[in-house]
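Visitor: Protein chains in written order, with this note's numbering: chain A, 1 to 307; chain B, 1 to 265.
Rather than coming from a laboratory, the hints here were simulated on the basis of the structure.
Each residue gets a CB set at the ideal place from its N, CA and C atoms; glycine is no exception.
Some hints here could point you the wrong way.
The following label-pair restraints were derived from C-beta to C-beta distances [to be verified]:
1. V223(A) with N145(B): 39 to 49 Å
2. S85(B) with S228(A): 47 to 57 Å
3. L50(B) with A257(A): 45 to 55 Å
4. A232(A) with S52(B): 57 to 67 Å
5. R127(B) with D25(A): 15 to 25 Å
6. R293(A) with L183(B): 49 to 59 Å
Each chain, letter by letter, is given below.
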Amino acid sequence: MRRAFVSELIRLAERDPSVVLLTGDLGYSVLEPFADLFPDRFFNMGVAEQNMLGVATGLAASGFTPFAYSIATFASMRGYEFFRNGPILHELPVRLVGVGGGVDYGHNGPTHYALEDIGLMRVQPSLTVIAPADVPQAATAMREIAAIPGPVYLRLGKEAGELAGLDGRFELGRAVTIGHGTDVAIVTYGSVATEALAASELLESAGIHARVVVTACLAPPPVDDLLSALGAVPLTVTVEAHFQNGGLGSLVSEVVAEHALGCRVLRRAITTMPRGSSGDPAYLYERYGLSARRVADAVLAAVAIGN
Amino acid sequence: MTDLRRLSREIRRDILETSKLADVGHIGSCLSVADLLAAMYGSSLRIPDLESAERDRFIMSKGHAALALYAALHSSGLLSAEELSRYCQDGSAVGGHPEHELAGIEFSTGSLGHGLCLGAGVALAARLSGRSYRTFVLMSDAECNEGSVWEAASFAAHHRLANLVMLVDANGQQAFGYTRDVLDMSPLSERWGSFGWDVTEVDGNDPFAIAAAVASVDTTTGPPHALIAATTFGKGVSFMENQIPWHYLPMSDEQYRQALREVAE
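Okay, chain A solo, but in the shape it has when bound:
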């Protein structure tokens, strides 16, 4: 997904001379194509995220369109206040790119797991928050980002691959629904969407018909699409590689509550701070209840209770 980001960024930079790329000393073997084509528009800021955000703000105030790149934990948290008092407060077109949302950094352990970034960013008014589920969607999202006049937080996975049925669709304020099942809606974003989709297949063979809603745009929230998708089901399950509070589970709960929808919401997320046992994402999903099998089991249990 990082490579799709860079390809699209290059295309964007070719037509828009204001685009510049800043990195917090990360992106080795990924960002070089941009740096080689645009050496005067690429800045390795060093391991200094607050300054990276501040400089991006100054550049944006002076007519540039900066993309600032780091691992999602450091991108979203180390300079968060400067992002809030900079591009957000001043309504400037800084695109903050966090790589490795959720547990995509696997073996690298909890300091590298972004489990609160969507919550932190969703909280800010007028900030666009995007988390693509696969490579084609990431490419489409990058093309949409070009026209956004304000700040953006973009959470990228490290995964490559394509989610069947998504077809790279992305629109601001919209979600994509795959399938028509009316027993349960499984709402998801990011790399873990593959688990959510696989869960729906496991459920299908158990006679539970699901629809999968991919919410790559967390802000502005895809309210209309959520109302359409959730209005007809008794149970909604949110699946995210994120802490339980503040992310998609909270977003869906807000929509359900505000619109008095009749469905129950089950929030599948990481409920404890991971520590002491890292591994690849598949291992971590299984351990923290986000694998297809664990999600399907939780849905079956919830359906049984509902019945």
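Let chain A serve as the given structure and place chain B on it in line with the hints.
Guide: Showing chain B alone in chain A's frame:
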């Protein structure tokens, strides 16, 4: 050159009158930078108009001394007396910290440690755009406690942003004590020098010396510039000088009268 001493007096008078009207504090912090601002707005800054892409940029990173900036903008004709009088009134954009919605203010500051990073970005933008404007950032000495300041310092030096001039209001005080007791940042000049900056020490309460120091640095090539301005907190009002409480206190009527008399001298 404008009579900078007269401009300093006007700025001090405006600080006192406006603080009294609003009945708020931060007076001592404002008084210590009055001469720095007089030098900036009376001499150093080249601002043909506020929209000009070639205007010099001034960033008040020491945001809590906003009133001093407003007073300087007022003296320069960039802020009306009426707007200034609404300092800290309900609904006013002229608040306790600068907001960029006000004409003449580049960024909303008040988060100490932010301004130099912003300034580094603006200075870099000048280079990328082939423009010759200078970027000035006014910080406090306590603000140098913040790590982000040193990130920006490293960045600016590494990229030899000669068009970036940072002025430190070194008054030896911070919010809850004297700098030497809280987090001793001395020797300030040596610290900035060791980060690769060109350092000039100047009497921060002599606006002519400040203007001369600014005029003497090369803002076309070389390292970025640090002007270490030795100032007195509360300068101009004897009972406020070097007194921590005057970071916070509003003035009584008697104190106000005495202060006005002293700054008129």
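Visitor: Mind checking the hinted window 15 to 25 Å against the Cβ distance between R127(B) and D25(A)?
Guide: 21 Å, holds
Visitor: Taking the Cβ atom of S85(B) and the Cβ atom of S228(A), is their distance within the range 47 to 57 Å?
Guide: Distance hint for S85(B), S228(A) holds at roughly 54 Å.
Visitor: Please test the hint of 57 to 67 Å on the beta carbon pair from A232(A) and S52(B).
Guide: Given a distance of about 58 Å, which is inside 57 to 67 Å, the answer is holds.
Visitor: I want to verify a distance hint. Is the separation of the beta carbons of R293(A) and L183(B) within 49 to 59 Å?
Guide: Between R293(A) and L183(B), where Cβ atoms are some 54 Å apart, the hint holds.
Visitor: Do the Cβ positions of V223(A) and N145(B) conform to the proposed distance bound of 39 to 49 Å?
Guide: The hinted range 39 to 49 Å holds for V223(A) and N145(B), with Cβ atoms some 44 Å apart.
Visitor: Verify the CB-CB distance for L50(B) and A257(A) against the hinted window 45 to 55 Å.
Guide: Holds: the Cβ-Cβ distance is about 47 Å, inside 45 to 55 Å.
When held up to the earlier numbered hints, the structure conflicts with none and fits them all.
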